[in-house]
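In case you want the letters, here they are:
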Amino acid sequence: MARKDDILKSFLNHGLLETKYELKRDELPTTVREALNSNIPIVKAIALIVEGLDGTSTVTDTVLRNQVTQFLNEAL
Amino acid sequence: MIIREIQIENYLCYYDTNSFELSEGLNIILGENGEGKTKFFEAVDWLFNGENRKLDMLVSAKKLNETEIGESFRVRVSMTVEQYGEKSIITKSFLAKKEKANECSTLSFMIEGISENSSGERTQVDGQRLLDRIFPFQIRKYSMFKGEAELNIFENDSALVNLINLFSKVKHYDKYSEKGVFLREKAEKAVDDSAKLDKKNEKRYKGLEIEILQLEREKEKYKIHLNTTEEEIRKIEENLQEAERHVTNADALETLNKRIKGIEEKISGLNAKIDENYTTSLFDENWILVNFVSFHKEFAKKVSEHSKTRRELQSEFDKQKGVKEGERKAKAELFNNAIPLPNNIPSKAIMEEMLNDEICKVCNREAKKGSEAYEFMSKRLKTYLESQVTEDNEPDKDEPLFKYDYTNRLYNISISHEDNLKNIKLIRTKIKERFEFNDARKKDIEEQNEKLNKEKTERERILGNSSIAEEKLINVLKNYNAWQRDLKNRNQDKMDYTSKLKNLESELKAKKEEKDKIDTSSANSFLINTRNILRDIETIFTDTKEKKFDEFIKKLQSKSNNFFKKINIDAFTGIIVFTRRNKANRTIVEVVLQEDGRTFYKPGQSLLTSMHISILFAISELASEIQEENFPMIFDAPTSSFGENKTAQFLNLIFDTDNQTILLIKDFLYTDKATKTLSIKKEFENVRRDKAFWIRLERPFNPNNLKTINTQVIEL
Numbered sequence: 001m002a003r004k005d006d007i008l009k010s011f012l013n014h015g016l017l018e019t020k021y022e023l024k025r026d027e028l029p030t031t032v033r034e035a036l037n038s039n040i041p042i043v044k045a046i047a048l049i050v051e052g053l054d055g056t057s058t059v060t061d062t063v064l065r066n067q068v069t070q071f072l073n074e075a076l
Numbered sequence: 001m002i003i004r005e006i007q008i009e010n011y012l013c014y015y016d017t018n019s020f021e022l023s024e025g026l027n028i029i030l031g032e033n034g035e036g037k038t039k040f041f042e043a044v045d046w047l048f049n050g051e052n053r054k055l056d057m058l059v060s061a062k063k064l065n066e067t068e069i070g071e072s073f074r075v076r077v078s079m080t081v082e083q084y085g086e087k088s089i090i091t092k093s094f095l096a097k098k099e100k101a102n103e104c105s106t107l108s109f110m111i112e113g114i115s116e117n118s119s120g121e122r123t124q125v126d127g128q129r130l131l132d133r134i135f136p137f138q139i140r141k142y143s144m145f146k147g148e149a150e151l152n153i154f155e156n157d158s159a160l161v162n163l164i165n166l167f168s169k170v171k172h173y174d175k176y177s178e179k180g181v182f183l184r185e186k187a188e189k190a191v192d193d194s195a196k197l198d199k200k201n202e203k204r205y206k207g208l209e210i211e212i213l214q215l216e217r218e219k220e221k222y223k224i225h226l227n228t229t230e231e232e233i234r235k236i237e238e239n240l241q242e243a244e245r246h247v248t249n250a251d252a253l254e255t256l257n258k259r260i261k262g263i264e265e266k267i268s269g270l271n272a273k274i275d276e277n278y279t280t281s282l283f284d285e286n287w288i289l290v291n292f293v294s295f296h297k298e299f300a301k302k303v304s305e306h307s308k309t310r311r312e313l314q315s316e317f318d319k320q321k322g323v324k325e326g327e328r329k330a331k332a333e334l335f336n337n338a339i340p341l342p343n344n345i346p347s348k349a350i351m352e353e354m355l356n357d358e359i360c361k362v363c364n365r366e367a368k369k370g371s372e373a374y375e376f377m378s379k380r381l382k383t384y385l386e387s388q389v390t391e392d393n394e395p396d397k398d399e400p401l402f403k404y405d406y407t408n409r410l411y412n413i414s415i416s417h418e419d420n421l422k423n424i425k426l427i428r429t430k431i432k433e434r435f436e437f438n439d440a441r442k443k444d445i446e447e448q449n450e451k452l453n454k455e456k457t458e459r460e461r462i463l464g465n466s467s468i469a470e471e472k473l474i475n476v477l478k479n480y481n482a483w484q485r486d487l488k489n490r491n492q493d494k495m496d497y498t499s500k501l502k503n504l505e506s507e508l509k510a511k512k513e514e515k516d517k518i519d520t521s522s523a524n525s526f527l528i529n530t531r532n533i534l535r536d537i538e539t540i541f542t543d544t545k546e547k548k549f550d551e552f553i554k555k556l557q558s559k560s561n562n563f564f565k566k567i568n569i570d571a572f573t574g575i576i577v578f579t580r581r582n583k584a585n586r587t588i589v590e591v592v593l594q595e596d597g598r599t600f601y602k603p604g605q606s607l608l609t610s611m612h613i614s615i616l617f618a619i620s621e622l623a624s625e626i627q628e629e630n631f632p633m634i635f636d637a638p639t640s641s642f643g644e645n646k647t648a649q650f651l652n653l654i655f656d657t658d659n660q661t662i663l664l665i666k667d668f669l670y671t672d673k674a675t676k677t678l679s680i681k682k683e684f685e686n687v688r689r690d691k692a693f694w695i696r697l698e699r700p701f702n703p704n705n706l707k708t709i710n711t712q713v714i715e716l
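The listed protein sequences derive, respectively, from chains S and Y. The opening position of the first sequence corresponds to residue 1 in the numbering used here, with each subsequent residue numbered one higher. The opening position of the second sequence corresponds to residue 1 in the numbering used here, with each subsequent residue numbered one higher.
If you're looking for bench data, these hints aren't it; they were derived computationally from the structure. Keep in mind that the hints are not guaranteed to be accurate.
[To be verified] Computed list of chain Y residues with no C-beta within reach of chain S, every gap over 10 Å:
| hint | residue |
| --- | --- |
| 1 | Asn52 |
| 2 | Glu148 |
| 3 | Lys169 |
| 4 | Leu183 |
| 5 | Glu232 |
| 6 | Ser378 |
| 7 | Thr530 |
| 8 | Lys547 |
| 9 | Lys681 |
[As the list claims (entries may be wrong)] Listed below are the simulated EDC-like cross-link pairs for lysine to aspartate or glutamate, each with C-alpha atoms no more than 16 Å apart in a straight line:
| hint | chain 1 | residue 1 | chain 2 | residue 2 |
| --- | --- | --- | --- | --- |
| 10 | Y | Lys547 | S | Asp61 |
| 11 | S | Lys20 | Y | Glu551 |
| 12 | S | Lys20 | Y | Glu446 |
| 13 | Y | Lys186 | S | Asp61 |
| 14 | Y | Lys169 | Y | Glu551 |
| 15 | Y | Lys206 | Y | Asp516 |
| 16 | Y | Lys169 | S | Asp5 |
| 17 | Y | Lys175 | S | Glu27 |
| 18 | Y | Lys171 | S | Glu18 |
| 19 | Y | Lys548 | S | Asp6 |
| 20 | Y | Lys175 | S | Glu34 |
| 21 | Y | Lys169 | Y | Asp536 |
| 22 | S | Lys44 | Y | Glu644 |
| 23 | Y | Lys179 | S | Glu74 |
| 24 | Y | Lys189 | Y | Glu220 |
| 25 | Y | Lys179 | S | Asp54 |
| 26 | S | Lys44 | Y | Asp536 |
| 27 | Y | Lys273 | Y | Asp516 |
| 28 | Y | Lys169 | S | Asp61 |
[As the list claims (entries may be wrong)] Some but not every residue of chain S turned toward chain Y, in silico, with C-beta under 8 Å:
| hint | residue |
| --- | --- |
| 29 | Ala2 |
| 30 | Arg3 |
| 31 | Phe11 |
| 32 | Lys24 |
| 33 | Arg25 |
| 34 | Asp26 |
| 35 | Ile40 |
| 36 | Pro41 |
| 37 | Ile42 |
| 38 | Ile46 |
| 39 | Val59 |
| 40 | Val63 |
Beta carbons are placed, not taken as given, at the ideal position from N, Cα and C, and that holds for glycine.
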């Protein structure tokens, strides 16, 4: 398993996703690629950050911020 | 990464070329003190970290001695390494040119690198870069340990965090928590900016922002107070534990010191009472009087006689005085107590005239010469004339017989002499008594000195049992009581700060909720939702990082304790406990030894060394699991405080690990006292190892002449 998938998985294992967002663990994506296509905003937002920081091409803070906030502002 | 071979050429005691063909796993290099162990370690350290300085200090004296002036030879340390199926050779070397006897210049310093791929193709590469690639600097730093003291790399509170970051995946999560904070802050700002556009709540909103900021600052302040207090509490507990080891001794010492002081005071009092001045009174001028008693007696007799005479004279005088008084009284009685006429009536001239005329002109009768009347008048004149003379010569009625009482003074002198003589006669007895008194006091002093010696021996025993000096031991008790008070106070402070922090947090929460309410009514809803999600993401990132860190620490703790128990088999160890804490906004990991949940602050050196080695092995093992890469560890005399049995257990334990380890130890060597022959003990046969070497100086050698020093490498 790629490191980024590993990292994503450890984030998605956080109890908050189950308690606050009512997401079941087995329904959650296991790879960044899958997560980027998720229609759950928090999952996709996390995936965007992981891809930005540990993906093939890392991004600057501004780019990362634009990508994430833009996505969330539109999705919510 | 495996070190296949280390070659040392003309480096200090390593004359000519010496090869160590190492094995994977445990490599043991045995060597007596001063026979080349540390020089091996330093040679490898020079290869890894050494600089191009003072190179002439690294030259083999024997080689230099054998070299002709003007000739040169190479000094070299090289390492052949295998990593991912590739072989690399890293060589650090320089040329030493003999200028004159015992002196050389150095030139051509270089670090060479050769890479050899699996098909045997060799490429010349930059030596330093090659070294840093195959054996990164940060890992080298934690791979080489010289002596026991260096093992304690964890004293620096960030060392373990660095190590964990280096060897674990935790470091990958650092950037996430940073970015989580960054994204949340930006989202918060976007919401704030949007909320501020609503003028209705502008004033309250700004007020809340200021209040929140102040509360945050206050919170940070109390956090620092709390951290510092906790730090102080730990320090005090450590001090108390250290003091507890000495407190019984300190208590006994204090009692003994008081007793010793008491005895010393008694001795000093007794000494003050002793007056050894026996002779002054003998030399005193009075003493001489002892030989003049007869003179004194004569003097006393004379004074006594004189006094008697005086008293007799006085008595006679008093008697006479009494008689005169009696006469006066009798005369008065003669005239029937009638007061007679004064003697001067009639006057002298009339009396003479009447006698001359032979007529008593008082009674106007004839008084012929020889008649009774004439006789009466003549007697009367005579009485008058006599009375005139007597009155002039008669002494004053109150005048004493002796105007000055010299006799009494003489008498007193005599008595005083008598007393002096009596005292002088007593000098002999007094001196005798003084001797007896002094002897008795001296005996008392002797007894007290005996007591004092006993107390002092007891004190020495206590001090001998104590590992700290007397002065410190005396302070222990004082400090112990002071620290206990401090601990009580600090614990109270801790409670106060914790409660203050709790109050601040709830106040802060209330303010934030109020601000959020204004946000909800004033800011764009999508911005609020974005912020809320980013708040959660920040929480997820921070928690995950901490979780990963804690997981690693937990694993590290478990592995460390496994090694620890194995090294100290059947002995007391306690438990190694790792604790993650925040200190002034940075994470630190503390490692302590605990016994029944209580920190064991000052374990013995052997226990401490085994604890440090256990942690290092645990880190190395975890690194291997995570990075799928092993790095060698080189220890020079890491187990000096271990006994041979414990060293054997330790070696067997290392043998069971997967790591390549190079251990330089002086154990298992035996010197025959008679023949001075050095040999390896049989017990070494039972030590499991992959490879063993014995480095020893070529015999004979002169310990005072470096030119005769040559370390030989014997593969066992």
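We went through each hint and held it up to the structure:
The non-interface label for Asn52/Y is consistent with chain S: the shortest C-beta to C-beta separation is roughly 38 Å, beyond 10 Å. With a minimum CB-CB distance of about 38 Å to chain S, Glu148/Y clears the 10 Å threshold, and the non-interface call stands. Residue-level check failed: Lys169/Y sits 8 Å from the nearest beta carbon of chain S, not beyond 10 Å. For Leu183/Y, the non-interface assignment is contradicted: its Cβ lies about 6 Å from the closest Cβ of chain S, within the 10 Å cut-off.
Separation of Glu232/Y from chain S is adequate, the least Cβ-Cβ distance of about 35 Å exceeding the 10 Å criterion. The claim that Ser378/Y lies off the interface holds: its Cβ sits roughly 168 Å from the closest Cβ of chain S, which is beyond the 10 Å cut-off. For Thr530/Y, the requirement that its beta carbon stay farther than 10 Å from each beta carbon of chain S is not met, with the minimum near 4 Å. At roughly 8 Å, the least C-beta separation between Lys547/Y and chain S is not larger than 10 Å, which violates its mark as non-interface.
Listed as a non-interface residue, Lys681/Y keeps its Cβ farther than 10 Å from every Cβ of chain S; the least gap is roughly 50 Å. Annotation: proposed proximity of Lys547/Y to Asp61/S is violated, straight-line Cα distance about 25 Å (limit 16 Å). Simply put, Lys20/S and Glu551/Y have alpha-carbon atoms about 24 Å apart, too far for the 16 Å limit, and the pair is violated. Restraint check for Lys20/S and Glu446/Y: not satisfied, since their Cα atoms lie roughly 89 Å apart, outside the 16 Å limit.
Simply put, Lys186/Y and Asp61/S have alpha-carbon atoms about 11 Å apart, close enough for the 16 Å limit, and the pair holds. Straight-line distance between C-alpha atoms of Lys169/Y and Glu551/Y comes to about 11 Å, which keeps the hinted pair within the 16 Å bound. With a CA separation close to 13 Å, the supplied pair Lys206/Y and Asp516/Y stays within the 16 Å bound. Straight-line distance between C-alpha atoms of Lys169/Y and Asp5/S comes to about 13 Å, which keeps the hinted pair within the 16 Å bound.
For a cut-off of 16 Å, the pair hint linking Lys175/Y to Glu27/S is broken: about 27 Å separates their Cα positions. A threshold of 16 Å between alpha carbons decides the hint, and for Lys171/Y with Glu18/S the separation of about 26 Å lies outside it, so the pair is violated. For the given pair, Lys548/Y sits about 12 Å from Asp6/S by alpha-carbon distance, which is consistent with the 16 Å threshold. As the CA atoms of Lys175/Y and Glu34/S are separated by approximately 22 Å, the hinted pair breaks the 16 Å bound.
For the given pair, Lys169/Y sits about 23 Å from Asp536/Y by alpha-carbon distance, which is inconsistent with the 16 Å threshold. For the suggested pair Lys44/S and Glu644/Y, the alpha carbons sit about 60 Å apart, so the restraint of at most 16 Å is broken. Between Lys179/Y and Glu74/S the CA atoms are separated by roughly 21 Å; this puts the pair beyond 16 Å, and the hint is violated. Of the supplied pair hints, the one linking Lys189/Y and Glu220/Y is violated, its CA atoms being roughly 21 Å apart against a limit of 16 Å.
Of the supplied pair hints, the one linking Lys179/Y and Asp54/S holds, its CA atoms being roughly 12 Å apart against a limit of 16 Å. Among the hinted pairs, Lys44/S with Asp536/Y is consistent with the structure: their alpha-carbon atoms are about 13 Å apart, no more than 16 Å. Pair hint Lys273/Y plus Asp516/Y does not hold up; C-alpha atoms about 91 Å apart against a cutoff of 16 Å. For a cut-off of 16 Å, the pair hint linking Lys169/Y to Asp61/S is broken: about 22 Å separates their Cα positions.
With a least beta-carbon distance of about 12 Å to chain Y, the hint placing Ala2/S at the interface is violated under the 8 Å criterion. A distance limit of 8 Å between C-beta atoms decides the matter here; for Arg3/S the minimum to chain Y is near 7 Å, and the interface restraint holds. Taken as an interface hint, Phe11/S checks out: its beta carbon lies about 5 Å from the nearest beta carbon of chain Y, inside 8 Å. Because the closest C-beta pair between Lys24/S and chain Y is about 17 Å apart, greater than 8 Å, the hint is violated.
The interface hint given for Arg25/S is broken, as the beta carbon of that residue sits about 14 Å from the closest beta carbon of chain Y, more than 8 Å. For Asp26/S, the shortest C-beta to C-beta distance to chain Y is roughly 19 Å, which exceeds 8 Å, and the interface hint is violated. At a threshold of 8 Å, the smallest CB-CB gap from Ile40/S to chain Y is about 10 Å, leaving the interface hint violated. Below 8 Å, beta-carbon pairs count as interface contacts, and Pro41/S has one with chain Y at about 6 Å; its hint therefore holds.
Interface hint at Ile42/S: satisfied, since its Cβ lies 5 Å from the closest Cβ of chain Y, which is below the 8 Å cut-off. Interface restraint check for Ile46/S: the shortest CB-CB distance to chain Y comes to about 6 Å, inside 8 Å, so the restraint holds. Checking Val59/S against chain Y: minimum C-beta separation of about 10 Å lies over 8 Å; hint violated. Nearest Cβ of chain Y to the Cβ of Val63/S: about 12 Å, over the 8 Å cut. The hint is violated.
Consistency note: the structure conflicts with the earlier hints numbered 3, 4, 7, 8, 10, 11, 12, 17, 18, 20, 21, 22, 23, 24, 27, 28, 29, 32, 33, 34, 35, 39, 40.
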